[in-house]
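> Construct the complete structure from the given sequences, taking the supplied hints into account.
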Amino acid sequence: MTPLKYLQAYPPQLQDQVRRLIDGNRLGEYLEKRYPGRHQIQSDKALYTYVAALKQEHLRNAPGIDKVLYDNRLDLTHRALGLHTAVSRVQGGRLKAKKEIRVAALFKEAAPEFLRMIVVHELAHLKEAEHNKAFYQLCEYMLPDYHQLEFDLRIYLTWRELAD
Numbered sequence: 001m002t003p004l005k006y007l008q009a010y011p012p013q014l015q016d017q018v019r020r021l022i023d024g025n026r027l028g029e030y031l032e033k034r035y036p037g038r039h040q041i042q043s044d045k046a047l048y049t050y051v052a053a054l055k056q057e058h059l060r061n062a063p064g065i066d067k068v069l070y071d072n073r074l075d076l077t078h079r080a081l082g083l084h085t086a087v088s089r090v091q092g093g094r095l096k097a098k099k100e101i102r103v104a105a106l107f108k109e110a111a112p113e114f115l116r117m118i119v120v121h122e123l124a125h126l127k128e129a130e131h132n133k134a135f136y137q138l139c140e141y142m143l144p145d146y147h148q149l150e151f152d153l154r155i156y157l158t159w160r161e162l163a164d
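First residue of the sequence shown: 1, per full-length UniProt numbering; consecutive thereafter.
Think of the hints as simulated: they come from the structure by calculation, not from any bench.
Nothing here was measured: the structure is a model prediction, and the numbers come from that model.
Be aware that a few hints might be false.
DSS-like, lysine-lysine: derived pairs with alpha carbons at most 27 Å apart [unchecked claim]:
#1 Lys-133 - Lys-99
#2 Lys-33 - Lys-5
#3 Lys-45 - Lys-98
#4 Lys-55 - Lys-45
#5 Lys-108 - Lys-5
#6 Lys-99 - Lys-67
#7 Lys-55 - Lys-98
#8 Lys-133 - Lys-5
#9 Lys-127 - Lys-55
#10 Lys-99 - Lys-127
#11 Lys-98 - Lys-108
#12 Lys-45 - Lys-127
#13 Lys-5 - Lys-45
#14 Lys-67 - Lys-5
#15 Lys-108 - Lys-55
#16 Lys-67 - Lys-108
#17 Lys-108 - Lys-127
#18 Lys-5 - Lys-55
#19 Lys-98 - Lys-67
#20 Lys-33 - Lys-108
#21 Lys-108 - Lys-45
#22 Lys-45 - Lys-67
#23 Lys-55 - Lys-99
#24 Lys-98 - Lys-127
#25 Lys-67 - Lys-55
Laid out in structure tokens, this is it:
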């Protein structure tokens, strides 16, 4: 039985369903049927605008975001699809924290639903640092089908790895 590293935390019956799709060479077909489109957000500027609009819609009182960009250095070997950071700098006599969100460049070619899921995940970290119950409730508030999208994103990552 092939280990599915992106799906290890899921129940065995779900993993078996994915394995059957892989064995039948139908994993790509499944993804194409569920997520046929590709988003048009290709530049860092467009990504910033997209993230800022989602933040404004759902998290008006959260700290502002200073920088948003696609990052070619984020990849699956680091187990990071997106990052949120607070870079502290001294300005005059004050310490100022700049909030940044970085999204793995592989999402330039992904379905819009996957990009939104990653952005929602990183935005949720503005309010909740840990992956706890409150964090996932916030993700669900911003994106009601968050958990299904996270699962399908893991299937997408499995498919990408098999294609390489």
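> Each hint needs a verdict: does it hold in this structure or not?
Hint-by-hint comparison with the structure:
Distance hint between Lys-133 and Lys-99 is fulfilled; the C-alpha atoms sit about 23 Å from each other, no more than 27 Å. In summary, the hint linking Lys-33 to Lys-5 is supported, as the alpha carbons are separated by about 23 Å, within the 27 Å threshold. Between Lys-45 and Lys-98, the direct Cα distance comes to roughly 17 Å. Compliance with the 27 Å bound is thereby established for this hinted pair. Between Lys-55 and Lys-45, the direct Cα distance comes to roughly 15 Å. Compliance with the 27 Å bound is thereby established for this hinted pair.
At most 27 Å may separate the alpha-carbon atoms for a hinted pair to count; Lys-108 and Lys-5 meet this at roughly 23 Å. The suggested pairing of Lys-99 with Lys-67 holds, with an alpha-carbon distance near 7 Å, which does not exceed 27 Å. Of the supplied pair hints, the one linking Lys-55 and Lys-98 holds, its CA atoms being roughly 16 Å apart against a limit of 27 Å. Note on Lys-133 and Lys-5: the hinted pairing holds, with a Cα-Cα distance of about 23 Å set against a maximum of 27 Å.
For the hint pairing Lys-127 with Lys-55, the CA-to-CA distance comes to about 11 Å; that is within 27 Å, so the pair holds. Distance hint between Lys-99 and Lys-127 is fulfilled; the C-alpha atoms sit about 12 Å from each other, no more than 27 Å. Taking the CA atoms of Lys-98 and Lys-108, the gap is near 24 Å; set against the 27 Å cutoff, the hint holds. As the CA atoms of Lys-45 and Lys-127 are separated by approximately 23 Å, the hinted pair is consistent with the 27 Å bound.
Of the pairs offered as hints, the one joining Lys-5 and Lys-45 is violated, with about 33 Å between alpha carbons and a cut-off of 27 Å exceeded. Taking the CA atoms of Lys-67 and Lys-5, the gap is near 31 Å; set against the 27 Å cutoff, the hint is violated. Our distance criterion of 27 Å between C-alpha atoms is met by Lys-108 and Lys-55, whose separation comes to about 20 Å. A distance of roughly 17 Å separates the Cα atoms of Lys-67 and Lys-108; the hinted pair therefore holds under the 27 Å criterion.
Between Lys-108 and Lys-127 the CA atoms are separated by roughly 26 Å; this keeps the pair inside 27 Å, and the hint holds. For the hint linking Lys-5 to Lys-55, the alpha-carbon distance of about 31 Å lies beyond 27 Å, and the restraint is violated. A C-alpha spacing of about 8 Å is found between Lys-98 and Lys-67, which places the hinted pair at or below 27 Å, so the restraint holds. Distance hint between Lys-33 and Lys-108 is fulfilled; the C-alpha atoms sit about 19 Å from each other, no more than 27 Å.
The hinted pair formed by Lys-108 and Lys-45 meets the criterion: a straight-line CA distance of about 13 Å does not exceed 27 Å. Of the pairs offered as hints, the one joining Lys-45 and Lys-67 holds, with about 9 Å between alpha carbons and a cut-off of 27 Å not exceeded. Taking the CA atoms of Lys-55 and Lys-99, the gap is about 13 Å. The hint holds against a cut of 27 Å. With a CA separation close to 15 Å, the supplied pair Lys-98 and Lys-127 stays within the 27 Å bound.
For the suggested pair Lys-67 and Lys-55, the alpha carbons sit about 13 Å apart, so the restraint of at most 27 Å is met.
When the structure is compared with the earlier hints, violations turn up for hints 13, 14, 18 and for no others.
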